[in-house]
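J.: Please build the complete structure, drawing on both the sequences and the hints.
Residue numbers (full-length UniProt numbering), protein chains in the order written: chain A, 1 to 128; chain B, 1 to 128; chain C, 1 to 128; chain D, 1 to 128; chain E, 1 to 128; chain F, 1 to 128.
Quick caveat, the hints were computed from the structure, so don't treat them as lab data.
Some clues are possibly wrong.
Each pair may be met inside one copy or between any two copies, as identical chains are not told apart.
Derived pair list, reagent style EDC-like, types lysine to aspartate or glutamate, alpha-carbon separation capped at 20 Å [as the list claims (entries may be wrong)]: (1) LYS118 with GLU74; (2) LYS122 with GLU74; (3) LYS118 with GLU8; (4) LYS123 with GLU93; (5) LYS123 with GLU31; (6) LYS57 with GLU16; (7) LYS30 with GLU93; (8) LYS30 with ASP55; (9) LYS57 with GLU93; (10) LYS57 with GLU92; (11) LYS122 with ASP55; (12) LYS57 with GLU31; (13) LYS118 with GLU31; (14) LYS122 with GLU8; (15) LYS123 with GLU74; (16) LYS118 with GLU93; (17) LYS118 with ASP55; (18) LYS123 with ASP55.
None of the values given here were measured: they were computed from a predicted structure.
6 protein chains.
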Amino acid sequence: MEDKTRFERGLEKLAEVDGAVGDQVIQNLKEIAPDLGRFIIEFAFGDIYTRPTLDLKQRECITLASLATQGGTENQLRVHINGALNVGLTPEEIAETFIQCVPYVGFPRVLNAVAVAKEVFKKRELIS
Amino acid sequence: MEDKTRFERGLEKLAEVDGAVGDQVIQNLKEIAPDLGRFIIEFAFGDIYTRPTLDLKQRECITLASLATQGGTENQLRVHINGALNVGLTPEEIAETFIQCVPYVGFPRVLNAVAVAKEVFKKRELIS
Amino acid sequence: MEDKTRFERGLEKLAEVDGAVGDQVIQNLKEIAPDLGRFIIEFAFGDIYTRPTLDLKQRECITLASLATQGGTENQLRVHINGALNVGLTPEEIAETFIQCVPYVGFPRVLNAVAVAKEVFKKRELIS
Amino acid sequence: MEDKTRFERGLEKLAEVDGAVGDQVIQNLKEIAPDLGRFIIEFAFGDIYTRPTLDLKQRECITLASLATQGGTENQLRVHINGALNVGLTPEEIAETFIQCVPYVGFPRVLNAVAVAKEVFKKRELIS
Amino acid sequence: MEDKTRFERGLEKLAEVDGAVGDQVIQNLKEIAPDLGRFIIEFAFGDIYTRPTLDLKQRECITLASLATQGGTENQLRVHINGALNVGLTPEEIAETFIQCVPYVGFPRVLNAVAVAKEVFKKRELIS
Amino acid sequence: MEDKTRFERGLEKLAEVDGAVGDQVIQNLKEIAPDLGRFIIEFAFGDIYTRPTLDLKQRECITLASLATQGGTENQLRVHINGALNVGLTPEEIAETFIQCVPYVGFPRVLNAVAVAKEVFKKRELIS
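T.: In structure tokens:
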């Protein structure tokens, strides 16, 4: 029952943050590693995103910084740049989050993240 | 003159964020690569930290997420966990910033960052 | 109750794999981020290590390869090289796991991991 | 003669593990860096894969963990997920190898590796 | 005025090294993060590339080694392999730069970099 | 016999580049993974460092850029900063090699590498 609660709590949070895109990530895992989708919902969204102390805007901002720093995370950046917009971060704040990373990770990682942001912003008609 | 302004602006911001610890980083570079210290002041602090859109608490939070994600940045985490406290982030917010990174980078990177935070918090007598 | 089961299941598995060293990791988190310790137990050990398909020797072997590849994980390698020995991997198999990584990550990451292994093996008097 | 032996031994092992896909990697290097192809054969396959202590299933499992952890290695994962199947690992064991990495590298690296596995398994008609 | 000089100096150096490709990178940032383009010109090219002690061939060689080592930098490698050719490095020297990285980063990172080099060399008709 | 030649060729090159420090690395591996030391000599030094197209100064310069970029390679940087000095790079060229990496990897990785350089230069009394 508690696990169902973690799952439900996570599913709710996933819908709030990532919307249909998040659901797609979970669907894509069905055939090959369904438990992996369950862990994302239960652990990442049910356990972590629901915690107090930081709000969803702060959590998405941290997530973007972490993904941009790692590199090779274009698919995850796409989901979470959408998520960041969904929870109320502005395009300017998202771009600025990546710019703040330049002194710490250099230009290439930041240019890659900004290229994904540009694509997402265009699709959502936030820039022309 | 403009460069002097970038340098001065950066020096001021460095003092505001990192205090004496930041100054020590610059001093340590004097004998071997003095221009590197100047670039940190002019570019990282003069150009980036002084930008609008995000405040210093948000910038330090992003910096902590980026440094924790990279790994092998214990010295820089020490400086910026102090910086984060200096600009008003609480120990709870700092720990939570690292916890938010767990789903994206796993436990080892986060445990390493939290170990540095523990050491800094103890030194500043924020935990016993 | 289910969560208590995940926690208990994880605690049991942690004791089986890492022994007292694993417990120390959790204790060290008590003052600063106790939930982080709980997540390691519940998620890493309760959810993941208890899964079927791969046995504990295979899981530790994968963990060692992942930690060696990441770099900057000396503390975690220390715990898991001990863990690998505890679940029955031989010193030769552990060293060979790292050697298999050379073509994929190069010598530095492997040399760093082997240095930790040497230290652990000496402490357990497996090499002179 | 000894080098010819290393090369021959490596070529044989490459064929055993990676089949035609491995050969393609070597062919692609012919025009630009033929010695690089030779080093892969002689060193990675001739020197390392032929060693005792670990069998080919264990070696591919370690390789998958290392490649997934590094990130940005989609092409190499494609080759070695095929290789893992060729030497007898099941699709379940391959997926589980990646799942075991979640606590150590987080979800993004694992999701990227699982996406490549899904593509390979589909192509080999192991999943529908 | 001094800043204009840094910008002008950087623009000149960017044109010398990267030609039209570099300009394209800056143009792509116009809508989303124009200051990021300015920082690349002022800091990377105006401040760093114009320094004495190392010439442009040495600087591009270092840049290629750094980008190949990082991974996930295919777009930046494309720009800088072109840049390396523009400042006088031969295709052989570029390939050899990547080969020298093998012992330190392993084959996957190097194979990815060499694949970009092959594509650039073909486009410039340096290999058939 | 050919392998003996690779080994001998590598040993000679290792002595030329790294001197006694390189030998220490190999000695340290004796008890735990002697073949790993042999591979460093045969492959890294016998096969790679002896190749034409780039000279030893260029090779060490590339190695330093790669190690600094990776991070968590302080021990290897110590060996190769010594190696770089041994083959004729000046302290200024070594520092400049790291500075050239700043735009690509950010300040933390470069500060860590420069700290090792400072320590090596002091020990060799090249700076006061």
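J.: None of the hints should be skipped; say for each whether it holds.
T.: So, going through the hints one by one against the coordinates:
Taking the closest pair of Cα atoms, LYS118 and GLU74 come within 20 Å of each other both inside a single copy (12 Å) and across two copies (18 Å). In this assembly of identical chains, the alpha carbons of LYS122 and GLU74 lie at most 20 Å apart only when taken from the same copy (16 Å versus 23 Å across copies). Taking identical chains as interchangeable, the C-alpha atoms of LYS118 and GLU8 are never at most 20 Å apart, the minima being 33 Å within one chain and 27 Å between chains. In this homomeric assembly, LYS123 and GLU93 come within 20 Å of each other (Cα to Cα) only inside a single copy, at 18 Å, whereas the closest approach across copies is 34 Å.
In this assembly of identical chains, the alpha carbons of LYS123 and GLU31 lie at most 20 Å apart only when taken from different copies (14 Å versus 29 Å within one copy). In this homomeric assembly, LYS57 and GLU16 come within 20 Å of each other (Cα to Cα) only inside a single copy, at 12 Å, whereas the closest approach across copies is 25 Å. In this homomeric assembly, LYS30 and GLU93 come within 20 Å of each other (Cα to Cα) only across copies, at 16 Å, whereas the closest approach inside a single copy is 34 Å. Taking identical chains as interchangeable, the C-alpha atoms of LYS30 and ASP55 are never at most 20 Å apart, the minima being 30 Å within one chain and 23 Å between chains.
In this assembly of identical chains, LYS57 and GLU93 lie within 20 Å of each other by CA distance both inside one copy and across copies; the values are 10 Å within and 14 Å between. With identical chains, the CA atoms of LYS57 and GLU92 are at most 20 Å apart both within one copy (13 Å) and between copies (17 Å). When the C-alpha separation of LYS122 and ASP55 is checked against a cutoff of 20 Å, the pair qualifies neither within a copy, at 26 Å, nor between copies, at 26 Å. Taking identical chains as interchangeable, the C-alpha atoms of LYS57 and GLU31 are never at most 20 Å apart, the minima being 32 Å within one chain and 23 Å between chains.
Proximity of LYS118 and GLU31 under a CA criterion of 20 Å is satisfied inter-copy only: 8 Å between copies versus 32 Å inside one chain copy. In the homo-oligomer, the alpha carbons of LYS122 and GLU8 never lie at most 20 Å apart, since the shortest distance is 32 Å inside one protomer and 31 Å across protomers. Proximity of LYS123 and GLU74 under a CA criterion of 20 Å is satisfied intra-copy only: 16 Å inside one chain copy versus 24 Å between copies. For a Cα distance limit of 20 Å, the shortest separation of LYS118 from GLU93 inside one copy, 13 Å, qualifies, whereas the shortest one across copies, 30 Å, does not.
Taking the shortest alpha-carbon separations for LYS118 and ASP55, neither the intra-copy value of 25 Å nor the inter-copy value of 23 Å comes in at or below 20 Å. Taking the closest pair of Cα atoms, LYS123 and ASP55 never come within 20 Å of each other, the shortest separation being 26 Å inside a single copy and 28 Å across copies.
The structure does not agree with the numbered hints 3, 8, 11, 12, 14, 17 and 18 stated previously, though it agrees with the rest.
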